[in-house]
Amino acid sequence: MKAEDLIESLAADLVPAPPAAVSRRLAGVAAAGAVVALALVLAWLGLRADLAQAMGGIMFWMKAGYAVLLGGAGFWCAERLARPAGSARGGLVLALATLGLLAALAAFRMSQAPREVWMPMWLGASWTQCPVRILALSLPTLALTLVVMRRLAPTRLRLAGAAAGLFAGGVAATAYGLHCPETAALFVVTWYTLGVALSAALGALLGPWALRWR
Amino acid sequence: MIVDLELRLHALMRRAQAGEAAAWRELLTELYERLGVYFGRRLGPAHAADLEDLVQETLLAIHRRRVTYDASQPFTAWAYAIARYKLIDFWRRNRIRGTVPLEAVEGTLWEEPDLSAEARLDLEKALAVLPARQQKLVRDVKIEGLSLAEAGARAGISEGAAKVALHRAMMALAAKAGAHEG
Chain A
0 MKAEDLIESL AADLVPAPPA AVSRRLAGVA AAGAVVALAL VLAWLGLRAD
50 LAQAMGGIMF WMKAGYAVLL GGAGFWCAER LARPAGSARG GLVLALATLG
100 LLAALAAFRM SQAPREVWMP MWLGASWTQC PVRILALSLP TLALTLVVMR
150 RLAPTRLRLA GAAAGLFAGG VAATAYGLHC PETAALFVVT WYTLGVALSA
200 ALGALLGPWA LRWR
Chain F
0 MIVDLELRLH ALMRRAQAGE AAAWRELLTE LYERLGVYFG RRLGPAHAAD
50 LEDLVQETLL AIHRRRVTYD ASQPFTAWAY AIARYKLIDF WRRNRIRGTV
100 PLEAVEGTLW EEPDLSAEAR LDLEKALAVL PARQQKLVRD VKIEGLSLAE
150 AGARAGISEG AAKVALHRAM MALAAKAGAH EG
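Chains A and F supply the protein sequences, listed in that same order.
Quick note, the first sequence lines up with residues 0 to 213 if you use numbering that gives the first Met the number 0.
Quick note, the second sequence lines up with residues 0 to 181 if you use numbering that gives the first Met the number 0.
Hints may contain errors.
From chain A, some residues computed to sit far from chain F (all C-beta separations above 10 Å) [what the hints assert, rightly or not]:
no.	residue
1	Ala-10
2	Val-34
3	Leu-39
4	Leu-44
5	Leu-46
6	Ala-48
7	Leu-68
8	Leu-93
9	Ala-102
10	Leu-104
11	Gln-111
12	Ser-125
13	Thr-182
14	Ala-196
15	Ala-203
16	Trp-212
Not everything, but these chain A residues come out facing chain F in the computed CB check (under 10 Å) [stated by the list, open to error]:
no.	residue
17	Glu-7
18	Leu-9
19	Ala-11
20	Val-14
21	Pro-15
22	Ala-16
23	Gly-45
24	Arg-79
25	Ala-81
26	Ala-152
27	Thr-154
28	Arg-157
29	Leu-158
The hints are simulated quantities; they were obtained by calculation from the structure and are not laboratory data.
For every residue, glycine included, the Cβ atom is placed at its ideal position computed from N, Cα and C.
The whole structure should be built from the sequences, with the hints applied where relevant.
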């Protein structure tokens, strides 16, 4: 095709760009991913038996807040890295600040507790299941995010994949909190973080392949 | 000057994002020429046959993915990142190189088309008379196309201070050039 004709046809095809198109598409993914993760928790794991009671306590909300903030940081990173020349610095700072805050709380709780309970606080009753389950719950959101991002224009694919994984991990960890009865900050900061990190690592692994566009 | 270029292209892009076909046509036409120079230099004579396809493919990608442009960011950096991505993708697709050396994609879409290798050497020589900090500032703003605020942030100074320092550097360069000619 002649260049003039191509440019002419592209100009004729132009429609106004919808405002905030990138974040709206990713918000759609967040909603769909959260619904699927929630359905999986209900069908596969079940809600924690004492959910109504737990919702009156601060630890339930601390856990939920941690997961939501990590997911929000991932959303922010993904929203930036879905664009050419986008920088994920803001989202990364948010993720690290969130992690630092919960780590500080965990350290404080440890300092208040006798040494004998440190190990039970750390491992809880479900440390072997928690990271793997969060990773499993993150898979639908991760897949959906990668599909949507691929149609945008990420140029640093590994980093963009990791951001998609962080985002999906946050969504999954939020849903998993409705099942998981653990209450120690030390448990959450270790095993929830590991689950979300696994999801981010999977995203980084898949990114260069799944996000490649022409 | 790259700063004026950014202002002009950014304004065109904003009008295009609002749906103005004439602005989009003008912007694509300018990008078409710049992409031709940028890719042409990097593909070399061996792949000259692929040049036109690559340029048109990139224009098409810019068109289809234009919602990813955020008007609060520099347009030149956005368009250049797409061009660079398409170039790397081209090398990979054609398995011309297993790994792409950096120098094959470095430089920017915004270097002046008539800047030959010789002219570039001259530029390096001219820059060498400046203190290191000013050299970096001139490179960041005039060659890489960063905004004053971004270049200032890199150097750890405010936008205003970057503006003053850049002005001094340009005056020094002009004085040096004048001394040569005169």
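Here is how each hint holds up against the structure:
1. Ala-10: With a cut-off of 10 Å, Ala-10 (chain A) comes too close to chain F, as the shortest Cβ separation is near 4 Å.
2. Val-34: Val-34 (chain A) is indeed farther than 10 Å from all Cβ atoms of chain F, at 25 Å.
3. Leu-39: Non-interface label on Leu-39 (chain A) holds, nearest chain F Cβ at 31 Å vs cutoff 10 Å.
4. Leu-44: holds, 37 Å
5. Leu-46: holds, 39 Å
6. Ala-48: Per Cβ check, Ala-48 (chain A) is outside 10 Å of chain F; nearest 46 Å; holds.
7. Leu-68: Correct as stated: the minimum Cβ-Cβ distance to chain F is 23 Å, above 10 Å.
8. Leu-93: It holds; Leu-93 (chain A) is separated from chain F by about 18 Å at its closest Cβ, greater than 10 Å.
9. Ala-102: holds, 29 Å
10. Leu-104: Answer for Leu-104 (chain A): holds, closest chain F Cβ roughly 33 Å.
11. Gln-111: The claim holds: Gln-111 (chain A) sits with its nearest Cβ about 41 Å from chain F, beyond 10 Å.
12. Ser-125: holds, 41 Å
13. Thr-182: holds, 41 Å
14. Ala-196: Given that every Cβ of chain F is farther than 10 Å from that of Ala-196 (chain A), nearest at about 27 Å, it holds.
15. Ala-203: Correct as stated: the minimum Cβ-Cβ distance to chain F is 18 Å, above 10 Å.
16. Trp-212: violated, 8 Å
17. Glu-7: With a minimum Cβ separation of about 7 Å from chain F (threshold 10 Å), the hint on Glu-7 (chain A) holds.
18. Leu-9: This interface hint holds because 5 Å falls under the 10 Å limit.
19. Ala-11: At 7 Å from the nearest chain F Cβ, Ala-11 (chain A) passes the 10 Å test, so the hint holds.
20. Val-14: Hint on Val-14 (chain A): holds, closest Cβ of chain F at ~6 Å, below 10 Å.
21. Pro-15: holds, 4 Å
22. Ala-16: holds, 4 Å
23. Gly-45: With a closest approach of 41 Å, the Gly-45 (chain A) hint is violated.
24. Arg-79: holds, 9 Å
25. Ala-81: Since chain F brings a Cβ to about 6 Å from Ala-81 (chain A), closer than 10 Å, the hint holds.
26. Ala-152: holds, 4 Å
27. Thr-154: holds, 4 Å
28. Arg-157: violated, 13 Å
29. Leu-158: violated, 13 Å
Checked against the numbered hints listed earlier, the structure breaks hints 1, 16, 23, 28 and 29; every other hint is satisfied.
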